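Note that the protein sequences, when read in sequence, are chains A and B.
First residue of the first sequence? That's 485 in the numbering used here, and the numbers climb one at a time after it.
First residue of the second sequence? That's 93 in the numbering used here, and the numbers climb one at a time after it.
Do not rely on the hints blindly, as some may be mistaken.
What the hints assert, rightly or not - Pairs of lysine-lysine, BS3-like flavour, derived with a Cα cap of 27 angstroms: (1) B:Lys-130 to B:Lys-141; (2) A:Lys-539 to B:Lys-104; (3) B:Lys-94 to B:Lys-130; (4) A:Lys-610 to A:Lys-496; (5) A:Lys-496 to A:Lys-555; (6) A:Lys-552 to B:Lys-141; (7) A:Lys-552 to B:Lys-158; (8) A:Lys-496 to B:Lys-104; (9) B:Lys-141 to B:Lys-94; (10) A:Lys-555 to B:Lys-104; (11) B:Lys-104 to A:Lys-578; (12) B:Lys-104 to B:Lys-127; (13) A:Lys-509 to A:Lys-552; (14) A:Lys-496 to A:Lys-578; (15) A:Lys-552 to B:Lys-104; (16) B:Lys-158 to B:Lys-130; (17) B:Lys-104 to B:Lys-130; (18) A:Lys-578 to B:Lys-141; (19) A:Lys-610 to A:Lys-596; (20) B:Lys-141 to B:Lys-127; (21) B:Lys-141 to A:Lys-555; (22) B:Lys-141 to A:Lys-610; (23) B:Lys-127 to B:Lys-158; (24) A:Lys-578 to A:Lys-509; (25) A:Lys-555 to A:Lys-509; (26) A:Lys-578 to A:Lys-610; (27) A:Lys-610 to A:Lys-539; (28) B:Lys-104 to B:Lys-141; (29) A:Lys-509 to A:Lys-596; (30) A:Lys-578 to A:Lys-552; (31) A:Lys-610 to B:Lys-104; (32) A:Lys-578 to A:Lys-539.
Claimed, not checked - What the simulated footprint calls covered on chain B by chain A, stretch by stretch (three residues with Cβ under 8 angstroms from a Cβ of chain A suffice, anywhere in the stretch; the number is not a length): (33) 100 to 106; (34) 142 to 150; (35) 163 to 169.
What the hints contain is simulated information worked out from the structure, not anything from laboratory work.
All of these numbers come straight from a predicted model, not from anything done at the bench.
We put the beta carbon where it would ideally sit given N, CA and C, even for glycine.
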Amino acid sequence: MSTSSLRLAEDKFEFITYEPIDITKMIHTAQHPGAGGVVLFCGNVRNNQAGRPVKYLVYESYSPLADKMIKDIIQTAVQNWDLLYASSIHRIGKIHISDCAVAVVTAHTHRKEAYAANQYIIDRIKHEVPVWKCEFFEDGTHEWGQNC
Amino acid sequence: MKLTINTYAAVKELFGESFEMEIENGSTIDELREKIVKINPASEGIINKCRFAINESIVNGNTPIKEAENVHIIPPSSGG
Chain A
485 MSTSSLRLAE
495 DKFEFITYEP
505 IDITKMIHTA
515 QHPGAGGVVL
525 FCGNVRNNQA
535 GRPVKYLVYE
545 SYSPLADKMI
555 KDIIQTAVQN
565 WDLLYASSIH
575 RIGKIHISDC
585 AVAVVTAHTH
595 RKEAYAANQY
605 IIDRIKHEVP
615 VWKCEFFEDG
625 THEWGQNC
Chain B
93 MKLTINTYAA
103 VKELFGESFE
113 MEIENGSTID
123 ELREKIVKIN
133 PASEGIINKC
143 RFAINESIVN
153 GNTPIKEAEN
163 VHIIPPSSGG
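So here's chain A without its partners, still in its complex pose:
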């Protein structure tokens, strides 16, 4: 499969994207007149892994399953915390230092629930969803990441 057709295939997913994540749009979409707390989490690309200099990351996913799982996780969080709004998006492909690889937004009447639900969503995405990062180091080597 060529890169362009692969990109096209990935573009149909709601929660997985090759494009940069528009966090301004995400937080704007989460606005709700009843929301006293809107929490946005950005998982950004770090310039080191345990002190070892990182040049960039490449993420890949089994997108049909990843998309479905993120949707289920968000729905569960909405039900558990009675959220007014929740969403998340995970970027895949080559991502540079300080770019956002994953974002989660939650809105609730009160901040406590917005924070708790946001953490629940990102924890489950990191541990369960079939997305993998490969760290490319400044020394020219690469390594599939352990979650941390």
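We have chain A; now place chain B onto it with these hints.
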């Protein structure tokens, strides 16, 4: 029956993006896992940590595999 197995991340580096295997009708995911390790003993550590998916669902080890199903080896997640 012949099965196409899709791989990702560290497992892809060991087996390529996908590979074919001949398995007996009615074989389970656990039997497939054992067979994969026999083909490439160096993969045992990672393969034993992987989940398996059929089509677009994660399945248990005792799930039987049917003809023409797509099997995916899912290494431990490292997103975020």
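A quick look at each hint next to the structure:
1. B:Lys-130 to B:Lys-141: The given pair, whose Cα atoms are some 16 angstroms apart, holds under the 27 angstroms limit.
2. A:Lys-539 to B:Lys-104: The given pair, whose Cα atoms are some 22 angstroms apart, holds under the 27 angstroms limit.
3. B:Lys-94 to B:Lys-130: This hinted pair holds, its Cα atoms lying about 17 angstroms apart.
4. A:Lys-610 to A:Lys-496: It holds: about 22 angstroms lies between the C-alpha atoms, which stays within 27 angstroms.
5. A:Lys-496 to A:Lys-555: holds (14 angstroms)
6. A:Lys-552 to B:Lys-141: Given pair Lys-552 of chain A, Lys-141 of chain B holds - Cα atoms ~22 angstroms apart, limit 27 angstroms.
7. A:Lys-552 to B:Lys-158: holds (22 angstroms)
8. A:Lys-496 to B:Lys-104: Holds: Lys-496 of chain A and Lys-104 of chain B sit about 24 angstroms apart, inside 27 angstroms.
9. B:Lys-141 to B:Lys-94: holds (24 angstroms)
10. A:Lys-555 to B:Lys-104: Holds, at roughly 26 angstroms.
11. B:Lys-104 to A:Lys-578: Within the cut-off at roughly 17 angstroms; holds.
12. B:Lys-104 to B:Lys-127: The given pair, whose Cα atoms are some 17 angstroms apart, holds under the 27 angstroms limit.
13. A:Lys-509 to A:Lys-552: Given that 27 angstroms is the threshold and the Cα spacing comes to 22 angstroms, the pair holds.
14. A:Lys-496 to A:Lys-578: With Cα atoms ~19 angstroms apart, Lys-496 of chain A and Lys-578 of chain A stay inside 27 angstroms; holds.
15. A:Lys-552 to B:Lys-104: holds (22 angstroms)
16. B:Lys-158 to B:Lys-130: holds (21 angstroms)
17. B:Lys-104 to B:Lys-130: holds (17 angstroms)
18. A:Lys-578 to B:Lys-141: With a Cα-Cα distance of about 26 angstroms, the restraint between Lys-578 of chain A and Lys-141 of chain B holds, given a limit of 27 angstroms.
19. A:Lys-610 to A:Lys-596: Satisfied, since the Cα-Cα distance of roughly 21 angstroms is no more than 27 angstroms.
20. B:Lys-141 to B:Lys-127: Given that 27 angstroms is the threshold and the Cα spacing comes to 15 angstroms, the pair holds.
21. B:Lys-141 to A:Lys-555: holds (24 angstroms)
22. B:Lys-141 to A:Lys-610: It holds: about 16 angstroms lies between the C-alpha atoms, which stays within 27 angstroms.
23. B:Lys-127 to B:Lys-158: holds (16 angstroms)
24. A:Lys-578 to A:Lys-509: holds (22 angstroms)
25. A:Lys-555 to A:Lys-509: Holds, because 19 angstroms separates the two Cα atoms, which is no more than 27 angstroms.
26. A:Lys-578 to A:Lys-610: holds (18 angstroms)
27. A:Lys-610 to A:Lys-539: holds (21 angstroms)
28. B:Lys-104 to B:Lys-141: holds (14 angstroms)
29. A:Lys-509 to A:Lys-596: It holds: about 23 angstroms lies between the C-alpha atoms, which stays within 27 angstroms.
30. A:Lys-578 to A:Lys-552: holds (22 angstroms)
31. A:Lys-610 to B:Lys-104: holds (20 angstroms)
32. A:Lys-578 to A:Lys-539: Distance ~11 angstroms between Lys-578 of chain A and Lys-539 of chain A Cα, so the pair holds.
33. 100 to 106: holds (count 4)
34. 142 to 150: With 4 residues closer than 8 angstroms to chain A, the stretch 142 to 150 of chain B meets the three-residue bar; holds.
35. 163 to 169: holds (count 5)
When each numbered hint is compared with the structure, no violation occurs for any of them.
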